[in-house]
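> Go ahead and model the full structure; you've got the sequences and the hints to work with.
Top to bottom, those sequences are chains U and Y.
Going by full-length UniProt numbering, the first sequence opens with residue 1, and the numbers climb by one from there.
Going by full-length UniProt numbering, the second sequence opens with residue 1, and the numbers climb by one from there.
Rather than coming from a laboratory, the hints here were simulated on the basis of the structure.
Certain hints may be false.
[Said to hold, decoys possible] Sample of chain Y residues facing chain U (criterion: CB under 8 Å; computed from the structure):
hint, residue
1, Met1
2, Gly10
3, Phe12
4, Phe32
5, Ser45
6, Arg81
7, Leu83
8, Ile87
9, Ala94
10, Leu119
11, Tyr128
12, Met130
[As the list claims (entries may be wrong)] Far from chain Y, by Cβ distances over 10 Å, these chain U residues were calculated:
hint, residue
13, Asn2
14, Cys41
15, Asp56
16, Ala59
17, His98
18, Glu99
19, Gly101
20, Asp103
21, Pro182
Keep in mind the model is a prediction, meaning the values are calculated, not measured.
Don't be surprised by glycine CBs; every beta carbon is placed ideally from N, CA and C.
Letter by letter, the chains look like this.
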Amino acid sequence: MNWILQPWPWYVSGPLIALVMFLLLYLGKNFGMSANLRTLCSLSGAGKSCSFFNFDWKAQRWNLIVMIGAIIGGFIASNFLSENQVPAINPKTTAQLHEIGIDSAGEAYVPTEFFGEEAFSNPKTLLLLLVGGLFVGFGARYAGGCTSGHSISGISNLQLPSLIATIGFFIGGLIMVHLIFPILF
Amino acid sequence: MKSLIYLIVGIFFGIVMFKSEAASWFRIYEMFNFQSFHMYGLMGSALAVGVIVVQSIKRKKMKDTSGNEIKIQDKNKSIPRYLIGGILFGLGWALAGACPGPMFVLLGAGYLPILVVILGAVIGTWLYGMLRGKLPH
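Here you go:
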């Protein structure tokens, strides 16, 4: 049972992600997490001013339940299935991050500079988190899906649009890390 | 009863995202620096199994639990929509270090500032809804 407390290798986790996709297909649904963001907009009343959000959100209730499950899963994994899990990232990556002031690299699951309590008292961090979220939400809906809907489900179905979207995800990520991070940090 | 099944699938998904470190900002940063095979292996092996699963579902005309044939909808043909939308998504993914699944996993793991990312993502989705008539698709 000890292996469960260790980080799970990619060759175990990857097929398990495919299993999640299969289970949802088998239940007559599909694997697409960003659809929940649209449903959350509808729940907040966005349907009154915009037809894009004026749909029967109850048809997406199952997906909201999956989302709530993901929250519970995160709680269980971090509290009961991990012993202070710190990703064993490349020492080069760690050194690079220390250079730009992200000192928690190699010591935490996510940067405490962004996701620790101290983030709430740092306006720059809050703004970056908000903008990051904005791009994720806007981009996912514009592209018609995110990593789950396009990169996993879409490409598994050999859909060209999903391959184009995934190439876009990578172009965007590379621009952010290599061209914009040097300005931000 | 079905709700409970969805909840269990979600919990399982959340645990896999956390334990595989796909929900770690550091892993995303490392991936975009090409400094580890981890994330590529994760997506690659998910896809290798995923392609086989989906292609066998189609070939065998497998039915879902309600007895309907499993159909995966084709997406509309377009390039700008997927490329521009994809690039915008990628910018946010690398900055926030979380995509729409892991965001909620991190919330459960207790990293409360992720709420700001989730709020941003909901506002971003809403902005898209408001502007979509004016965007190239």
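> Closest CB-CB distance from Pro182 of chain U to chain Y, is it above 10 Å?
Pro182 of chain U clear of chain Y: closest Cβ-Cβ about 13 Å, beyond 10 Å.
> Per the CB criterion, is Gly10 of chain Y less than 8 Å away from chain U?
holds, 2 Å
> Is it correct that the beta-carbon of His98 of chain U has no partner in chain Y closer than or equal to 10 Å?
holds, 12 Å
> Next item in the hint list is Met130 of chain Y. Is there a CB on chain U closer than 8 Å to its CB?
holds, 6 Å
> Given Ser45 of chain Y was flagged as interface, is its beta-carbon under 8 Å from a beta-carbon of chain U?
holds, 3 Å
> Mind checking the CB of Arg81 of chain Y against every CB in chain U and telling me if the closest is under 8 Å?
Arg81 of chain Y check passes; min Cβ-Cβ to chain U is 7 Å, inside 8 Å.
> Taking 10 Å as the cut and beta carbons as the points, is Asn2 of chain U off the interface with chain Y?
holds, 13 Å
> Verify this label for me: Ala59 of chain U is non-interface relative to chain Y, using a Cβ-Cβ cutoff of 10 Å.
holds, 13 Å
> The hint names Leu119 of chain Y as touching chain U; please verify it with the least Cβ-Cβ distance against 8 Å.
Interface hint status for Leu119 of chain Y: holds (6 Å vs cutoff 8 Å).
> Interface hint check: Met1 of chain Y, Cβ to nearest Cβ on chain U, cutoff 8 Å. Holds or violated?
violated, 12 Å
> Hey, is Glu99 of chain U genuinely clear of chain Y, shortest beta carbon separation above 10 Å?
holds, 13 Å
> Can the hint on Phe32 of chain Y be confirmed by a CB-to-CB distance to chain U that is less than 8 Å?
This interface hint holds because 4 Å falls under the 8 Å limit.
This entry does not satisfy hints 1, 14, going by the numbered hints stated previously.
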